[in-house]
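Engineer: Chain A is fixed; fit chain B onto it per the hints.
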Amino acid sequence: MAILLPLMLMLVFVFILGGAMDVSDAANASETRNAYLSYVLPAIALTTAGFGASYTAVVVSNDMTTGFMNRLRTMPFPSITVLLGHTVSSMARNLLATAVVVASAFALGFRTDSSALELVAAVGLIALWILVITVVFATLGMVAGSAESASGYGFILLFLPYVSSGFAPVESMPGWLQGFAQHQPMTPIIDASRALLNGDPVGSSWWIGTIWCAGFFAIAIWLIAVIFPRRVAR
Amino acid sequence: MSYTDSPLLEISGLSKSYGKHDVLKNLNLTLPPGIHALLGPNGAGKTTLINVLSTLIPHDSGEIRVLGLDTRRDKKRIQGLISLTGQYAAVDGQLSGMENMLMMGRLFGLSRRDAVRRSQALLERFDLTAAMNKRVSTYSGGMRRKLDIAASLIADPLLIFLDEPTTGLDTRSRQALWDEIQALAAHGTSIFLTTQYLEEADVLADRIMVLHDGRIVAEGTASQLKERIGGSTIQVHDQAGRVIKEISTSGEATDVAHHISAIAQHQPEVAVTVRRPTLDEVFLELTGAPASQESDTEGAQT
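So the protein lines, in turn, are chains A and B.
When you read off a place in the first sequence, starting at 1, and then add 4, the result is the number in the working numbering.
When you read off a place in the second sequence, starting at 1, and then add 700, the result is the number in the working numbering.
Because the hints were derived from the structure by calculation, they are not lab data.
Any given hint could be a false lead.
Stated by the list, open to error - The calculated label-pair distances, taken between Cβ atoms and stated as ranges, are:
hint	chain 1	residue 1	chain 2	residue 2	range
1	B	R777	A	G128	38 to 48 Å
2	B	S811	A	G89	13 to 23 Å
3	B	K834	A	A229	34 to 44 Å
4	B	Q820	A	L100	29 to 39 Å
5	B	R812	A	A229	25 to 35 Å
6	A	L100	B	V816	56 to 66 Å
7	B	R813	A	A120	36 to 46 Å
8	A	G128	B	S811	30 to 40 Å
9	A	F159	B	R806	28 to 38 Å
Being a predicted model, the structure only gives us computed values, none of them experimental.
All residues carry an ideal CB built from backbone N, CA and C; glycine is no exception.
For reference, chain A alone in the conformation it holds in the complex (with noise of 0.2 Å):
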């Protein structure tokens, strides 16, 4: 899945949706294609990773609610160990469907002027949303009464991405969303990313994306810090 999704996802968000839209001043269909590419290409990437990191809410909240947790924390070394675990494994596993991403956007055409350090920018803030998100994740796998529920917390999350610059200009937005897509966590962290990865001018939507993230990231982790240890399974 974690190769399938990313892959998928592009098909179709460039071969039939890409022809129709124009986010560029291109001349024809196969531009207008390829210049979508370019500009959807963070927003697959962190939706991709979105979906690979709720994964995470579900093994934690099995974890927490089979007993397992409990069994792990009457032995002789940290429990929180496990949640760490998690994290690790999927950031591999999203950084693996990343890098799936990006190959197969140079497969489909996709071509940058940006330097390395651009590129490599690009990829460190995509895997600080993906840490980020699987950090949440966890502490929403961690308070949900059972597997099903923590999926279910997790849906919202995953639309974040569409109601933002990822798929579709904001001023092409009906005037009432328009503020939330602007504003919203996702909207600078993939304008930063496709700046990045296009070699354009980044200006100031890093930062803003990194402190979204560190503001996800604390909260999250203080709730962890506070429920964790208190919490036993049902």
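Structural biologist: Chain B only, in chain A's frame:
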């Protein structure tokens, strides 16, 4: 003094509350090594007690010593000597039986070589060798339970806490697990179990504690508990074997003989049997409630 020279459990003034709800109230108990069963109706505090004793949750007041070690000061040392097996099989369904065993062994700090050797031995002992490379999600409930207990033995614990170990198992699997528990005890491992099956406590336990409303209302061997009710019942059977009359007696030989003599004189054609109190009757007498029919979930908390 080694761990095995110490009492298994020493509990003094143990109390535990969830908010305003007092779950355990000033418990005092000392248990020697062996198999011990904790009985109690739903909500009595059984799971909370097992969670506290196994260091899973802290207690509010009182002192607890497990194998001579204080649960507050020596938590990590205790955790290296005990194992907890909860109400649900705590195994990873995505891994094979062998992988689950190896994971537990490695988490306990065994070398890979020792973890493999120990896992193979335990899987064989629990008759899981044939399925050890299959995903646990394909196992039956009984197999998962056996794997769960096998995993709890990977580090050769001195004391195992079993929370309702046979709930949900069929009669055959239950009997097989009883055999394993008795074999463990024969090898020197102590067991502290909660159960909703009185027969289980009667068959397995050296000592039985009855927990009711957060207090231990009785403790002793099955025979001692039955003696608490006292007396015996003489059952009079017709020729078809049906019980047609029950006579309560003090249980003393002269009293029983007196009643049987009277029956023989007036109804020489009937048969009589003398029945001692069952653990069910003891439980009912002590708690005013029939034995639990559902799992105890009073330990739920956030």
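Engineer: Holds or violated: the 29 to 39 Å window for the beta-carbon distance between Q820(B) and L100(A)?
Structural biologist: 33 Å Cβ-Cβ, so the 29 to 39 Å window holds.
Engineer: 28 to 38 Å was suggested as the range; check whether the CB atoms of F159(A) and R806(B) agree with it.
Structural biologist: holds, 35 Å
Engineer: With respect to the beta-carbon atoms only, verify the hint that S811(B) and G89(A) lie 13 to 23 Å apart.
Structural biologist: holds, 20 Å
Engineer: Holds or violated: 38 to 48 Å for the Cβ distance of R777(B) and G128(A)?
Structural biologist: Distance hint for R777(B), G128(A) holds at roughly 43 Å.
Engineer: So the hint says 56 to 66 Å: do the beta-carbon atoms of L100(A) and V816(B) match that?
Structural biologist: violated, 29 Å
Engineer: Range first: 36 to 46 Å. Now tell me if the beta carbons of R813(B) and A120(A) are that far apart.
Structural biologist: holds, 44 Å
Engineer: A range of 30 to 40 Å was offered for this pair. Does it hold for the Cβ distance of G128(A) and S811(B)?
Structural biologist: holds, 38 Å
Engineer: 34 to 44 Å was suggested as the range; check whether the CB atoms of K834(B) and A229(A) agree with it.
Structural biologist: holds, 38 Å
Engineer: Take the C-beta atom of R812(B) and the C-beta atom of A229(A), compute their distance, and say whether it sits inside 25 to 35 Å.
Structural biologist: Check passed, 33 Å falls within 25 to 35 Å.
Hint 6 from the list above is the single one not met by this structure.
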